[in-house]
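Chemist: Going down the list, the sequences are from chains A and B.
Numbered according to our numbering, the first sequence spans residues 1 to 185.
Numbered according to our numbering, the second sequence spans residues 1 to 395.
If you are wondering where the hints come from, they were derived from the structure by calculation, not from laboratory data.
Where a beta carbon is used, it is the ideal one built from N, C-alpha and C, also for glycine.
Take the hints with a grain of salt, since some may be wrong.
Chain B residues, not near chain A, derived (Cβ > 12 Å throughout) [stated by the list, open to error]:
#, residue
1, Thr-21
2, Pro-81
3, Leu-117
4, Tyr-236
5, Pro-376
No more than 27 Å apart at the CA atoms, straight line, and that leaves these computed lysine-lysine pairs for DSSO-like [to be verified]:
#, chain 1, residue 1, chain 2, residue 2
6, A, Lys-164, A, Lys-62
7, A, Lys-112, A, Lys-144
8, B, Lys-76, A, Lys-44
9, B, Lys-11, B, Lys-318
10, A, Lys-144, B, Lys-118
11, A, Lys-144, B, Lys-11
12, B, Lys-76, B, Lys-374
13, B, Lys-76, B, Lys-11
14, B, Lys-11, B, Lys-249
Given next are the chains, with one letter for each unit.
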Amino acid sequence: MGVVWVTLVVAAGVVVWLVAVYNGLVRSRNQVRNAWSQIDVQLKRRHDLIPNLVETAKGYMKHERETLEEITRARARAAEAGTVRERGAAESALSSALGRFFLVVENYPDLKANQNFLALQEELTSTENKVSFARQFYNDQVMKYNTRLQSFPTNMVAGTFGFKPEEFFEIETAGEREAPKVSFS
Amino acid sequence: MWELIQSNRRKSVLLLVMLATVLVGLGYFAGYFWNPRGGQLFGVLVALAIWAFMMLSAFGGGERILLATAGAREVKPEDAPQLYNILEEMKIASGISALPRLFIVDSAEPNAFAVGLKPDRSAVAVTTGLLARLNRDELQGVIGHEVAHINNRDTLFMTLAGVTVGAVVILADLFLRGLWFSSGRRRRSRDEGQLALIMLIVAIVLAILAPLLAQLIYFACSRKREYMADACSAQYTRYPEGLASALEKIASAPLRTREVNRVLAPMYIVNPLASRGRRVVGLFSTHPPVEERIRILRSMGGDTSLAGYEEAYRRLRKEPLVAAAMLQGVQPMEPRAPTTQAADERRQWRAARDLLHRVDGYRTIECGCGMRIKVPAGFSGRLNCPRCGRESAVG
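Using the sequences plus the hints, can you model the full thing?
Modeler: Printed below as a string of structure tokens:
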């Protein structure tokens, strides 16, 4: 009699634990997906802003056709990219093309005084920031989720139910690559 | 970040329990003194009733009351695109569930505060003076600090603690006044005399000390939270220099407003009531000295994460800010490059005032000479152009 009860209690305990671990993994994976959709929204927003930017700049920058075309091309490539890794590379290229563009803009005071352009520039700067903050948040979530997948005993449950590790999103923005190693002391 | 909220929550609950104990204890002794037989329960009930009433009003729209007290007006996204962009950036970086509402306060003094019991019912308010003086990076640092207060549930805690401290003050006041007026009329049976005398002394001492004690607990906690919010802001923006130079500008601005509400004062990013340039932190200051906050932010070096702030904090204050367990697994974060945009005060003053006018529903009338005249919402009739003197009809 006692043995049966002990077995039942242990079995119930195992089931409760399994459910808790499974739900925890699902929650964690959903957090990763939510974080990804935030990046996605911002990247799309950036793609939407670019035609407008190129159109506004075209009239002022007759001699910079190459710079402008490069932005358009980079945008097209980023829109086609499939996996997280490809997307990261394509968006990096777009970021650096934009970085070069904003450097060149310094030579065109008329363009810099254009209200429409200023508004676009603020939107792009902000979108760039949002992408980088959203990426930070996404990578944090991925890190947490992957750590969870790999640690014992969660990894046994994860293996059984087919949870797969998620990819980090790496994007190199122009600003970041050139960021000076500042030491405030 | 979640671990931080959890640890904060445990500490906050402990603190609120302490404050509540002070409140209930005061009620108990006051009740005993009022009537030694059964009065204790009555006293506790009165204490709880005052507390519950204040709590209900805080939850039923406390943030609206606070915002109204500060004279804050809500800003729409189309009125201040850049400000909204910055707020949204900080929302993303912090991972809070909803975008706080944005308010503007008409005050020349640069300052900002956050209110709200939970992230999806929160608000951030900035003054026109702040918008006029700071550049984009500095503004981001300040907004990051305010969003951190919301994310760390400081705004919730400050409201709960503030309400409890308020209840203690009211109860102590009631009791001491009641004592004054009723001292001649009280009857006391002889055998209880000595005990009653002891209880009376305890009650009076408690009534005098309780408000002080409650405020001490409240303030000590508030200072730690300011450092924490600075640390989070540095982490969100990945650019501590932004907040540091913003604090510098805020602290060096001429002190003009004296009409700041005392209840609101602890909520601002820099205490508007504290005298400037004072270095000692009193037991009763809600904010750490600004110079120290700036020094910590500037000595963070190449790591903008919580661990980087903690290291700078320890170096300067010789004590830990957060438990070591919370820093486990924190990745070092390199600072980002600053946005190359200097503050243009004249242009920004005009933009800030324009924003205020738009929020207040002013209409712009174009005179024939090209002069743009802003007219308050309710005005109708005729007015003369201040430049060319032409008359135009409004309304």
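Chemist: Would you list, in rising numerical order, the hints stated earlier that this structure does not obey?
Modeler: 2, 4, 6, 7, 13 and 14
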